Amino acid sequence: MIPCMYPRSLAVIAAASLAPAASAFGAPMPDHQVRPGQGAGGVRLGMSEAQVIKVLGRPQHRRATRTELGAFVDLAWPGIRVRRWDGAGGRVIHIDVTDRGIRMPNGIGVGSTAAAVRAQLPGAESGAGPHECTLGEP
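Heads up: the sequence shown begins at 1 in the working numbering, then just goes up one per residue.
Hints listed in this document are in silico derivations from the structure and should not be mistaken for laboratory results. Among the clues, some could well be false.
Said to hold, decoys possible - Label pairs and their calculated CB-CB ranges: (1) Gln-60 / Gly-37: 22 to 28 Å; (2) Asp-86 / Arg-58: 16 to 22 Å; (3) Thr-67 / Ala-119: 33 to 39 Å.
This structure is a prediction, so every number in the text was calculated from the model and none was measured. Ideal Cβ placement from N, Cα and C applies to all residues, glycine included.
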């Protein structure tokens, strides 16, 4: 299931069924598109913080956070936010895109209408709630 509303942001989340192959870890994305289950904006799921900084440069914001799932580090640049597990070997598990220029190969991205999302992503659901599209299982 891919819940979608009028997207103001797209999230790419690592999930067991969508996680990239181990050989893909560390290699930057070949372009700056959103690729569900792989990455977005040049960042791949599974990258280290150092690898992300090599691709995007120094983040504007870096913040340690804790949820019921554990400890994380959130990194932010204009148009893209990255979350990684905290601690040694912590890897990127979540990417939020708010930049309208970073889009999926089919053209869907921030600012797409709900109708366009449903047309390009069969099974997408829209309803009341935040204006976002999440690809993958949190």
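Structure-based check of all given hints:
no.: 1; hint: Gln-60 / Gly-37: 22 to 28 Å; result: holds (27 Å)
no.: 2; hint: Asp-86 / Arg-58: 16 to 22 Å; result: holds (19 Å)
no.: 3; hint: Thr-67 / Ala-119: 33 to 39 Å; result: holds (34 Å)
Violated hints for the displayed structure: none, as all numbered hints are satisfied.
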